[in-house]
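Asks: With these hints in hand, go ahead and build the complete structure from the sequences.
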Amino acid sequence: MPLSSDAASPGNERALVIAAQRGSSDAFAALVRLHQRRAYAVCRAIVLTHEDAEDAVQEGFLHAYKALDRFLPDQPFGAWLYRIMANASLDLVRRRKVRDADELPDTLALPFRDPGESDELRRRLNQALTTLSERQRSVIVLHDVEGFTHGEIGNMLGIPEGTARSDLHHARAALRRVLKDVRSDL
Amino acid sequence: MSDFSGFSNEDEAVADGLRSLHAAPGGDAYWSELEARIMARVADVEMGWWAELDRWVRPALAAAAVLVLAAGLAIFRAHEADQQLASDSMLSSPAVPVFTGIRPALQDDKEAAVRFLFGH
Chain F
18 MPLSSDAASP
28 GNERALVIAA
38 QRGSSDAFAA
48 LVRLHQRRAY
58 AVCRAIVLTH
68 EDAEDAVQEG
78 FLHAYKALDR
88 FLPDQPFGAW
98 LYRIMANASL
108 DLVRRRKVRD
118 ADELPDTLAL
128 PFRDPGESDE
138 LRRRLNQALT
148 TLSERQRSVI
158 VLHDVEGFTH
168 GEIGNMLGIP
178 EGTARSDLHH
188 ARAALRRVLK
198 DVRSDL
Chain V
749 MSDFSGFSNE
759 DEAVADGLRS
769 LHAAPGGDAY
779 WSELEARIMA
789 RVADVEMGWW
799 AELDRWVRPA
809 LAAAAVLVLA
819 AGLAIFRAHE
829 ADQQLASDSM
839 LSSPAVPVFT
849 GIRPALQDDK
859 EAAVRFLFGH
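Keeping their order, the protein sequence lines are chains F and V. In this text, residue positions in the first sequence follow the working numbering: the first is 18, and each later residue adds one. In this text, residue positions in the second sequence follow the working numbering: the first is 749, and each later residue adds one.
Derived by calculation from the structure, the hints in this document are not laboratory data. Wrong hints could be hidden among the right ones.
[To be verified] In silico lysine to aspartate or glutamate, EDC-like type, Cα no more than 16 Å apart, as pairs: (1) F:K197 to V:D764; (2) F:K83 to V:D792; (3) F:K83 to V:E760; (4) F:K197 to V:E758; (5) F:K114 to F:D86; (6) F:K197 to V:E760.
Replies: This is how it looks when you write it as structure tokens:
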């Protein structure tokens with residue numbers, strides 16, 4: 018019987034995890050289907066480009082597959098998986114930093130889908146994101162765009178919840194200034 | 749602890765801008781393809797294990813065969829040497845003196861028999 022990922026209930030997910038731990042690649046594929054969009058969002062919040070986010074998602078799922086035996090099925094699979102995704106993304110960012118140490122871009126790469134679509138706010142936001150620390154950028158995207166809680170973000174990035182709150186506060190303040198500038202210029 | 753979670757209209761506008769910058773690619777085809785790529789890499793891991801095993805099987809079998817042959821040869825030679833040593837020691841060792849003894853009781857019986865014959 019093919020394994021369905023339609024019902025994303027915790028019980029169904031737990032059954033999929035157990036089946037995947039017993040070696041069912043269909044079950045693992047169903048888990049990939051269930052989580053890949055959210056996993057992409059986590060990675061995209063941390064890395065600079067869409068291509069890097071794709072790489073990090075693949076690396077993350079590969080790590081998860083290899084570490085599946087160590088996962089306790091009673092724990093929330095998503096939280097475990099997104100932490101792996103965050104680590105894969107942070108690894109990628111570190112590797113990129115070493116590689117691109119001499120050629121840091123002034124702005125972040127825009128998503129590949131819509132290179133022509135860049136209004137003033139997006140352009141300036143894009144610039145402003147480079148002035149934030151890597152962690153502040155990740156926190157504001159994970160919180161304000163993806164809707165993760167401070168606790169979840171702290172868990173993913175390996176920082177205290179209070180630090181996530183503080184990072185969010187500073188990142189919002191910086192980006193608010195950008196918005197104000199854009200509005201006063203227009 | 750300060751509550752930094754207040755979300756203003758300005759923040760909402762910024763979040764909208766960020767959303768458009770970080771939006772995930774739409775379309776089921778994209779996600780199906782990404783899933784296929786992920787599962788292909790997972791399969792590579794599995795195949796990699798088997799391929800690695802397969803890569804080691806032939807040399808391992810050859811090494812095992814050589815070891816078995818060497819062990820067999822060593823055992824054969826050790827056995828042969830033992831036999832040689834045993835036959836050498838049999839041929840070269842001095843004759844072991846054979847002590848014959850007559851049990852006192854037998855001795856007494858013999859004397860009694862002689863005395864009986866000569867006495868009658």
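Asks: Could you tell me which of the hints above the structure violates, numbers in ascending order?
Replies: Numbers 3 and 5 - these are the hints that the structure violates, sorted from lowest upward.
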